[in-house]
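Residue numbers (the numbering used here), protein chains in the order written: chain A, 19 to 508; chain B, 10 to 324.
Take these hints with a grain of salt, some might be off.
What the hints assert, rightly or not - Examples of chain A residues lying across from chain B (beta carbon under 8 Å, computed):
no., residue
1, P337
2, G344
3, D353
4, L358
5, N359
6, L368
7, D372
8, F380
9, E394
10, L395
11, L396
If you are wondering where the hints come from, they were derived from the structure by calculation, not from laboratory data. The C-beta atom is built at its ideal place from N, Cα and C for all residues, glycine as well.
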Amino acid sequence: MKQSTVLARRITKHFGATTALDDVDFDVMPGEIHALVGENGAGKSTLIRILGGVHGPDRGEIYVGGQACRFSSPREAIAAGIATIPQELRLVPALSVAENMALGDFLVWRRFGLAVGLDRARMRQEARETLQVLDFAPNPDCPVRQLTFGERQLVAIGKALRRRCRVLILDEPTAALDSHEIKRLFGVLGRMKEQGVAIIYISHRLDEIVSLADRCTILRDGHVVAVSRRGEFDVAALVQAMTGRIAHDIQAETPSPGDTLLEEPQSPEDGMRLRAGEVVGLAGLLGSGKDLILRRLFGVESEPARVLIKGVPKRLSNPSHAVAAGIGMVSGERDLGLILNQSVRDNILLASLDRLGSLKGFDRSAADRIVNTLVELLDIRPRQAELKVSALSGGNQQKVILAKWLAREVDILLLDDPTQGVDVAAKTQIHVLVRDFAKRGGGVLLGSSDLSELAHLCDTVVALRRGRACARMERTDSLSEQMLLRAIGG
Amino acid sequence: MNLKHAARRLHLRGLTPLLTLFVLCAFTALATDRFLSPLNLTNILVQSSIMAVIALGMTFVIIGGGFDLSVGSTVALSGCIAALVMVKAGLPLGVVAGIGAGALIGLINGLVIALLGVNAFITTLGTMVLIRGVVFLMTAGAPVGDEGLPSAFVAFGSRRFLGIHYLVWVPAVLLALLSWVMHNTPHGRRIYAVGGGRDAAYLSGIPVQRVIASTYVWCGTLAGIAGVMLAARLQSGQPTAGEFYELTAIAAVVLGGAALHGGEGTLYKSVIGVFIMVVLGNSLNLLNVDSYWQRVAIGAVIIAAAAADRLRWRR
Chain A
19 MKQSTVLARR ITKHFGATTA LDDVDFDVMP GEIHALVGEN GAGKSTLIRI LGGVHGPDRG
79 EIYVGGQACR FSSPREAIAA GIATIPQELR LVPALSVAEN MALGDFLVWR RFGLAVGLDR
139 ARMRQEARET LQVLDFAPNP DCPVRQLTFG ERQLVAIGKA LRRRCRVLIL DEPTAALDSH
199 EIKRLFGVLG RMKEQGVAII YISHRLDEIV SLADRCTILR DGHVVAVSRR GEFDVAALVQ
259 AMTGRIAHDI QAETPSPGDT LLEEPQSPED GMRLRAGEVV GLAGLLGSGK DLILRRLFGV
319 ESEPARVLIK GVPKRLSNPS HAVAAGIGMV SGERDLGLIL NQSVRDNILL ASLDRLGSLK
379 GFDRSAADRI VNTLVELLDI RPRQAELKVS ALSGGNQQKV ILAKWLAREV DILLLDDPTQ
439 GVDVAAKTQI HVLVRDFAKR GGGVLLGSSD LSELAHLCDT VVALRRGRAC ARMERTDSLS
499 EQMLLRAIGG
Chain B
10 MNLKHAARRL HLRGLTPLLT LFVLCAFTAL ATDRFLSPLN LTNILVQSSI MAVIALGMTF
70 VIIGGGFDLS VGSTVALSGC IAALVMVKAG LPLGVVAGIG AGALIGLING LVIALLGVNA
130 FITTLGTMVL IRGVVFLMTA GAPVGDEGLP SAFVAFGSRR FLGIHYLVWV PAVLLALLSW
190 VMHNTPHGRR IYAVGGGRDA AYLSGIPVQR VIASTYVWCG TLAGIAGVML AARLQSGQPT
250 AGEFYELTAI AAVVLGGAAL HGGEGTLYKS VIGVFIMVVL GNSLNLLNVD SYWQRVAIGA
310 VIIAAAAADR LRWRR
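If we strip away everything but chain A, and leave its shape as in the complex, we get (with noise of 0.2 Å):
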């Protein structure tokens, strides 16, 4: 029987009076891909940073090509073998690739036993031959800065090869890619599991978990809830072992569109129109310009949008404005909505604060009574309003930041890949809500990367190239993901 690359067996971890982790047993053999899925808070995050090296288990061992290993920091973990690569790659932007894969372990001229400078021609040569194993060639002198994440993320991968990892973990590596780099990525990891290196990936998207891994350790509330091999899972079944419930599609209604709230009469063919109690959808790659357009409308662009909003000429030239239109932005980007180290109810008044106070200070019972219903509405856990918002899961900050809109009463709806990251019950329920908010005569505009998303959602779904319109379908034509793909060039 073959040895796993890593073990890990019977990892307890609590913080504070939370259990993360209860007994969890975790292994991954050379040359496998090992998915982890869970909700979020179902303690993923709690095992990979304790295989990282961040955190220490409070009970439990970690074996590592057959050794025992205790990291105390994550500079121990990287000596083992274990790499991580982060959601928010640990890059330098300013230095070139060549010097990012080197860090750490910088190649140097010796001259009589000293470090007399850096060895550039063979950080150079090393560079390149680690990301030709990846089938990428850039420029080894070219900043970091100046390449897209897709390409980052292959020189944060390279530096783990470089480093001789024989554990590759990912985390949600395929969130910020477009179709054509999650594809050039599964390439890169079928490469590197025909090398023997042992992967551990997670993502929330279960669709590619069932082509990708080999095997699938799921987890819920800090416990393993089960582990199955390839073709014995898909993704229905994933969600129901997730959340202990049935995945379900939300069935919108017929749309029956009241009447227009924003329209850009600028520009007649990609200018936006919005109608009372409808859900438009902006369907694209990354760079196709969607989150471009929802920013435009909440003014944060440069360039002032020029808008009518309920018939009225609005000059949008930042978010102030936009929000007095009664315009509201919520984006997958959760410290962007959040003010971290307040409480819920304080995130939530954040945009109302000019309707409920004045000089004379503060109505509290009417900011108590929105507060209260909107926790209730949202379904915000745990129901204390007083909890600092950092201490909430990813779909429940996402929630908080529905309710601040809801709170300050807008018409329009900006939401920028709203459920990035999110959960699928918290998804659910964000859905039930964008819904509900244009049942109730409310306008949503929804720029997404998540197909299925947009498919299930919108009345309206606008496919953008290159920041320009190129298809309109509406819901009466049968919206499908693959439609949506085709439009959108993926």
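Assemble chain B onto chain A, guided by the hints.
Just chain B now, with coordinates in the frame of chain A:
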């Protein structure tokens, strides 16, 4: 590890600054016999009063995520302007001119930092040096107004009301008023929001630049009030007044538990921080510690406060 846990639990209750002050007072009271004398306690109160007003303003800036080094020079400028104007145009105009000068400097700092996006450290370092130069030019380096100050003004600097110095009433009233502003008005909540997450606040429609600029106006205005108070106490405008006040104020705010990265802090705890700094100086004096060594000790306390700040916010 256990110590750290214990410290964190204590901080959760928010009592660390108060406990520090208590331990310091208890130690000094035991080690010397003069600490608890009414004269010494009154001295501590009066010495703390002016620094407390400055620290209140500094707390606004630090909660908003900024920093202000110019308050010491502002104290000197406001004191000298108040004294000069008072001699010529009477008490009310003098007070208004002194405080107004502080507000104006705060506005300049705020506009440069918030609108032009210049680093707060560099901007206020610049205004600190610049204002000190202006004060020396204005006064030719000599004290001003020491002859003809209105008697009511001099009385304000030394007399008591209900047994307590007028100078001590000022921060007490300001603390009550400003705490209310900080916690019960949209303006106060916006300052916390901007300091806690500038981008998120901006994307929630909060006018971030205006809020940041306003914190410097608060700080300058309060430094102006402190300058007028100091002039009353010294019975003149002193061009060299207020040197190193900025450092004491920042140290006091950090000792009071505010985070240097913004978004956290409480006004009354900053005032406790001021008491810690003043009692420490007082204690070293009573213990006859050499004044050069006092500087060493106070410098060490400032570093320790900043290190504790790092430890506290580290995850």
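Tell me the numbers of any earlier hints that the structure contravenes, in ascending order.
Hints 2, 9, 10 and 11 contradicted; others consistent.
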